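Whole structure, please, built from the sequences with the hints as guidance.
Sequences listed follow chains A and B, in order. Quick note: the first sequence uses our numbering, first residue 1, plus one each step. Quick note: the second sequence uses our numbering, first residue 1001, plus one each step.
Watch out, some of these pointers could steer you wrong.
Over the 12 Å line for every Cβ pair with chain B, so calculated as not near, a few chain A residues [what the hints assert, rightly or not]:
#1 T67
#2 R77
#3 G79
#4 A94
#5 A169
#6 R176
#7 A208
#8 H262
#9 A278
#10 A316
#11 A326
#12 K341
#13 D345
#14 T348
Derived, one-sided and incomplete: chain B residues facing chain A with beta-carbon distance under 10 Å [said to hold, decoys possible]:
#15 H1138
#16 F1231
#17 E1367
#18 A1368
#19 S1369
#20 L1394
The following label-pair restraints were derived from C-beta to C-beta distances [to be verified]:
#21 A:G305 / B:E1073: 38 to 46 Å
#22 A:G137 / B:V1323: 52 to 60 Å
#23 A:G92 / B:E1073: 31 to 39 Å
#24 B:L1255 / A:G137: 53 to 61 Å
#25 B:I1134 / A:H262: 33 to 41 Å
Worth flagging that the hints you see were computed from the coordinates, not collected in a lab. On a predicted model such as this, the values are computed, not experimentally measured, just so you know. Here a beta-carbon is modelled for each residue, glycine too, at the ideal position from N, C-alpha and C.
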Amino acid sequence: MTYHIQVLHFGVPMRLAFHLLSGLTALILSSASVSTSVLAQNADADGIVVYNAQHESLTAEWAAGFTKQTGIKVTLRNGSDTELGNLIVQEGKASPADVFLTENSPSMVLVEQAGLFAPLPADTLAEVPANFRPATGGWIGIAARSTVFAYDKAKLKPEQVPKSLLDLADPIWKGRWAASPSGADFQAIVSALLELKGEDATTAWLKAMKENSVPYKGNSTAMKAVNAGQVEGALIYHYYWFGDQAKTGENSKNVELAYFRHQDPGAFVSISGGGVLASSKHADQAKAFVKWIAGKGGQEVLKNGTSYEYAVGVDAPSNPKLVPLAELQAPNVEVSKLNSKKVTDLMTAAGLL
Amino acid sequence: MSIVRTPLRSESFRPLVKRDFLRRTRNPMPWMVPIAVIIALLTLLPLGFVVWITVQTGWNTAIALIFRPRIGELLLNTVLLVAITVPLCVLLAIALAWLTERSDIPGARIWAWLSVAPLAVPAFVQSYAWVSLIPSLHGLFGGVLVSVLAYLPFLYLPVSATLRRLDPGLEEAAASLGQPPWQVFWHVVLPQLRLALCGGSLLIALHLLAEYGLFAMIRFDTFTTAIFDQFQSTYSGAAAHMLAGVLVMCCLALLAIEAAFRGGARYARIGSGAARAHSPKRLGPMTLPCLLVPLLTTSLALGVPFVTLTGWLIAGGADIWQVTEIGRALGQTLLLAVAGAILTTFAAIPMAWLSIRRPGRLQRVLEASNYIVGALPGVVIALALATVTVRVALTLYQTAATLLVAYALMFVPRALVSLRASIAQAPLELEQAAASLGRSPIQALWAVTIRLAAPGATAGTALVALGIVNELTATQMLAPTGTRTLAMAFWSLSGEIDYAGAAPYAVIMVLFSLPLTWLLYTQSKRWAGR
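Here you go:
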């Protein structure tokens, strides 16, 4: 058998495949340029790029409302607080981001300390009371969330729930509670603990946590585990429960929330932040977006939407289903002192990361 | 039969060929070597980067970050995972292959296809299906269960193909010398399966080290999940890089172990004529119990994803079909997959060409480097590229180009395998003939060799595209702002435990993978000569 016969034999499919390959090659050459523009920062031409660590659905709602009102296009890059915060620091002045939104404040502090935020105008700062933003005015609170202990109603009575976050370090809690240590939410809680109780106490607590807690990836997964009876309780934020209740309740029907209150580290209310990057090439549009979120439009999305996070604007009501912020007896934590780097270092040292 | 080079034919060419041309054909396209070297160096970039960052971190910090209990835990997890999963896969693959290839089990053909079909279910979708079914499934047991189901085809494919091809004469000779059947299997068949077993096991072990989604969902910590956690907490902090360094060492150790197991023996059949087909063993009364093996495997590996996905689709109803969003994700995924697959195939051409046309020491070194990089987990490659681009090459930062390069680094070995086999079947003489008719070397290469290699290359390209469609880790870490592939959307929705909303994305990924899985299946049949 010679190759001539082979060529004849396979002629048609080969030619087809050949045409396919060359056609595809032409496609790639044209799509190489197209794909970068289609996939990448097409917001460069118009609109702003937001590094978004908030819940995707919430920011998407904000962006949609803002775009509807102003016509300014918003492109999101989603990630977690510390991932995007560290990313902005590494990018430095070359960052393609115009706005940074987080779930928790430690990453805002990280970016602010790197000197990468542009100061916000006074009328934007005036949208939010002073206790929900740093004195520096480099960024602003846009929403808030409360730490809770979500527990299995069937397994724990309200009086059996730990009175303080610190109680969870007790060996009697071994294997009984869950958390999502890789999440920025949990790391923010640890940063509050660090700020309130100091490094030694935090190190000891994290060491006990490594022994006692069951790690999950994500707060919703941790709550789902409580609901399914896999663990007795989980240290998470409040809105996961409200969000699930508002839907079908299938992941929270056996779950009840306990608030620590009494200025306990576990009563920590975490502030979600928004800021404008100093390197932004669309500073006016970016500032308008942050003002819109902190203002009436954005805060109403919090009240009426499905996020169940607290509104923080001046006289902005939160969703009536929530326990009012004022009744949470949260500890006083100076937001600009929360240190994410130290927290990840301590958690890495404790073997949680 | 396709024996391509015969002395007669090349002699008949020789008088036609001019002298200087001959010299040229001995070393045609000298630039192919530097190109291959450059590509190989590029592929080594992540590896070099890991070393560089370790040096930069400083030994004291590096040692503090490497020699800590957490790394010990992860190492133990990884070793246990590999040491339990791989032998289980080996046993199951041999049993399934033997039943479908050598016995008269009813529906052997269907079982053979069903044993390959789990390849169409991405590992993280398999894991999602199991977590939906048994929410408490977690840890080592869960990890092993889901991994065995997801990765079994990697061993079943080569083992069944080899088993089909073996000459029955050897086994008959052993039997005629009085060996009982199981002795024949142990001493004659099993040794001949060695290469298939080694190759398949290595592939599975490397996947176990590299997989993120599967183990994150089942809550089993490996180096890859730990690196991803660190990445989410610190972007590209020193701890993540040190974890990556240890992970790279694990991969290299696996390669070395496989090489040692593989040995130097040859297993080619020599002798005249072709091997006879096997006459299938009669199972007799054992038929029913034997049927349980493929039945159980299939219902676990395919039944569970099918049932849970259907369940979520029904539960979700019409609401979950967010057509614009799904369409956008589909479009972006396809664009990335096609562009990435073509780039990867082109990057593999010089290497494939060299290994067939100009084999030698340099070529072996280059090939080994490709092989090692192909063994690196996506998380390591993505971490390296993310850091390199943000620190050194800002223009490439967060661009589709960087993501495509990551895909090429990860999937070059896939393209190489198909390309090499098909270039080997394109006779050199045709290239020479084209040259004697006045084509430049590159024209000759394009018009003859590449053209003849096109079907194989297309198959390889398709395999790479499949890999990209189902890629999650590197895509998440490197994707340009605003990009959302099917896998990313699936992952984000299932992370918010919107399992119903994630179902359409999973279904689309499975549907995409099915034809390619079929292609693999028929290819393995053809390779075995049937």
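Going through the hints against the structure:
no.: 1; hint: T67; result: holds, 14 Å
no.: 2; hint: R77; result: violated, 4 Å
no.: 3; hint: G79; result: violated, 7 Å
no.: 4; hint: A94; result: violated, 5 Å
no.: 5; hint: A169; result: holds, 18 Å
no.: 6; hint: R176; result: holds, 15 Å
no.: 7; hint: A208; result: holds, 15 Å
no.: 8; hint: H262; result: holds, 30 Å
no.: 9; hint: A278; result: holds, 17 Å
no.: 10; hint: A316; result: holds, 25 Å
no.: 11; hint: A326; result: holds, 29 Å
no.: 12; hint: K341; result: violated, 8 Å
no.: 13; hint: D345; result: violated, 9 Å
no.: 14; hint: T348; result: violated, 5 Å
no.: 15; hint: H1138; result: holds, 8 Å
no.: 16; hint: F1231; result: holds, 6 Å
no.: 17; hint: E1367; result: violated, 23 Å
no.: 18; hint: A1368; result: violated, 28 Å
no.: 19; hint: S1369; result: violated, 25 Å
no.: 20; hint: L1394; result: holds, 5 Å
no.: 21; hint: A:G305 / B:E1073: 38 to 46 Å; result: holds, 41 Å
no.: 22; hint: A:G137 / B:V1323: 52 to 60 Å; result: violated, 44 Å
no.: 23; hint: A:G92 / B:E1073: 31 to 39 Å; result: holds, 35 Å
no.: 24; hint: B:L1255 / A:G137: 53 to 61 Å; result: holds, 55 Å
no.: 25; hint: B:I1134 / A:H262: 33 to 41 Å; result: holds, 39 Å
Hints 2, 3, 4, 12, 13, 14, 17, 18, 19 and 22 from the list above are not met by this structure, while the remaining hints are.
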